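Chains Y and L are the protein sequences, given in the same order.
If you're matching positions, the first sequence starts at 1 in our numbering and goes up one per residue.
If you're matching positions, the second sequence starts at 1 in our numbering and goes up one per residue.
Hints listed in this document are in silico derivations from the structure and should not be mistaken for laboratory results.
If you're wondering where the values come from, they're calculated on a predicted model, not measured in any experiment.
Take the hints with a grain of salt, since some may be wrong.
[What the hints assert, rightly or not] Reference listing, derived: stretches of chain L covered by chain Y, where coverage requires no fewer than 3 residues with Cβ under 8 Å from a Cβ of chain Y: (1) 28-34; (2) 108-117.
[Unchecked claim] Covered by chain L, according to a simulated footprint, are these stretches of chain Y (three or more residues, beta-carbon under 8 Å): (3) 9-23; (4) 107-113.
[Stated by the list, open to error] Computed beta-carbon distance windows for the label pairs: (5) Ser-87(L) - Gly-111(Y): 43 to 49 Å; (6) Ala-80(Y) - Glu-68(L): 45 to 51 Å; (7) Ala-109(L) - Met-50(Y): 28 to 34 Å.
Cβ atoms here follow ideal geometry from the backbone N, Cα and C, with glycine treated the same way.
The lines below spell out each chain.
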Amino acid sequence: MTYALMVQGAPYSQQASHSALRFAEALPAQGHRVATVFFYHDGIYNAASMMTPPRDEPHLLERWRALHKAQQCELLVCVASAVRRGLLDEGEARRHGHSHSTLEAPFELTGLGQLMQAAFLHDRLITFAP
Amino acid sequence: MESKSILVIVRHPPHGSSWVREGLETALVGAALGQPPTLLFSGDGVLALLAQQQRGALGQKGSAAMLEGLSLYDIEPLWYDQYSFESRGIDVEQLIPGCQQGCIAEMIARHDVVMSF
Numbered sequence: 001m002t003y004a005l006m007v008q009g010a011p012y013s014q015q016a017s018h019s020a021l022r023f024a025e026a027l028p029a030q031g032h033r034v035a036t037v038f039f040y041h042d043g044i045y046n047a048a049s050m051m052t053p054p055r056d057e058p059h060l061l062e063r064w065r066a067l068h069k070a071q072q073c074e075l076l077v078c079v080a081s082a083v084r085r086g087l088l089d090e091g092e093a094r095r096h097g098h099s100h101s102t103l104e105a106p107f108e109l110t111g112l113g114q115l116m117q118a119a120f121l122h123d124r125l126i127t128f129a130p
Numbered sequence: 001m002e003s004k005s006i007l008v009i010v011r012h013p014p015h016g017s018s019w020v021r022e023g024l025e026t027a028l029v030g031a032a033l034g035q036p037p038t039l040l041f042s043g044d045g046v047l048a049l050l051a052q053q054q055r056g057a058l059g060q061k062g063s064a065a066m067l068e069g070l071s072l073y074d075i076e077p078l079w080y081d082q083y084s085f086e087s088r089g090i091d092v093e094q095l096i097p098g099c100q101q102g103c104i105a106e107m108i109a110r111h112d113v114v115m116s117f
């Protein structure tokens, strides 16, 4: 089966993103894969490009990147949630007059329509919320 | 695109966080795509259905105006969970128009996709 995950919890503050990663990483062993991860609400902070955790803690950004590489999943970030909280890709940064971006590939800014599309397209949608 | 029925559950109170607004925005996008979701208020979420709410001092947009406009997008009725409702001492007369009592288990079973806020 293909899975879509919606992640609503901030990294390191709540369990939601850690649980979502563990769930996604475990899927291939059961013959499944995650196709879309949609970050919403405080979950968008998972895409902060300068995330720098202490060495003895899991590096969630690296884990998302590795997941993207291993399962070719799209990492979609709600643009309305992200921009107001300060996460902007190069295009948005330029548009709003900022000198640099705070979000980069493989994360992509998208609208809520993509969340709906993921729900329609994939076999399961699982919400990871605080 | 395959069509699926969507249930949006709002379980956070209307003030102090952006959960209700973000849940409602998701429901509205579903309606804009021609798939008006079923909207259910559960837990502290039922407090969003109380009439005569104003926006708070935090400068966050309130959810009351959004709730009143949902029927324009075919998101109606506004379902609420009876237990959440009674355990908070709320009376039917205190609610905004368009609310209806629903059974959570039955509603979850009947929908293809459940989104929780």
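Consistency of the hints with the structure:
1. 28-34: Coverage by chain Y holds for the stretch 28-34 of chain L (4 residues, Cβ < 8 Å).
2. 108-117: holds (count 5)
3. 9-23: violated (count 0)
4. 107-113: Held - the stretch 107-113 of chain Y has 3 residues with a Cβ nearer than 8 Å to chain L, which meets the minimum of three.
5. Ser-87(L) - Gly-111(Y): 43 to 49 Å: 37 Å Cβ-Cβ, so the 43 to 49 Å window is violated.
6. Ala-80(Y) - Glu-68(L): 45 to 51 Å: Violated: the Cβ-Cβ distance is about 21 Å, outside 45 to 51 Å.
7. Ala-109(L) - Met-50(Y): 28 to 34 Å: violated (44 Å)
Hints 3, 5, 6, 7 from the earlier list are contradicted by this structure; the remaining hints agree with it.
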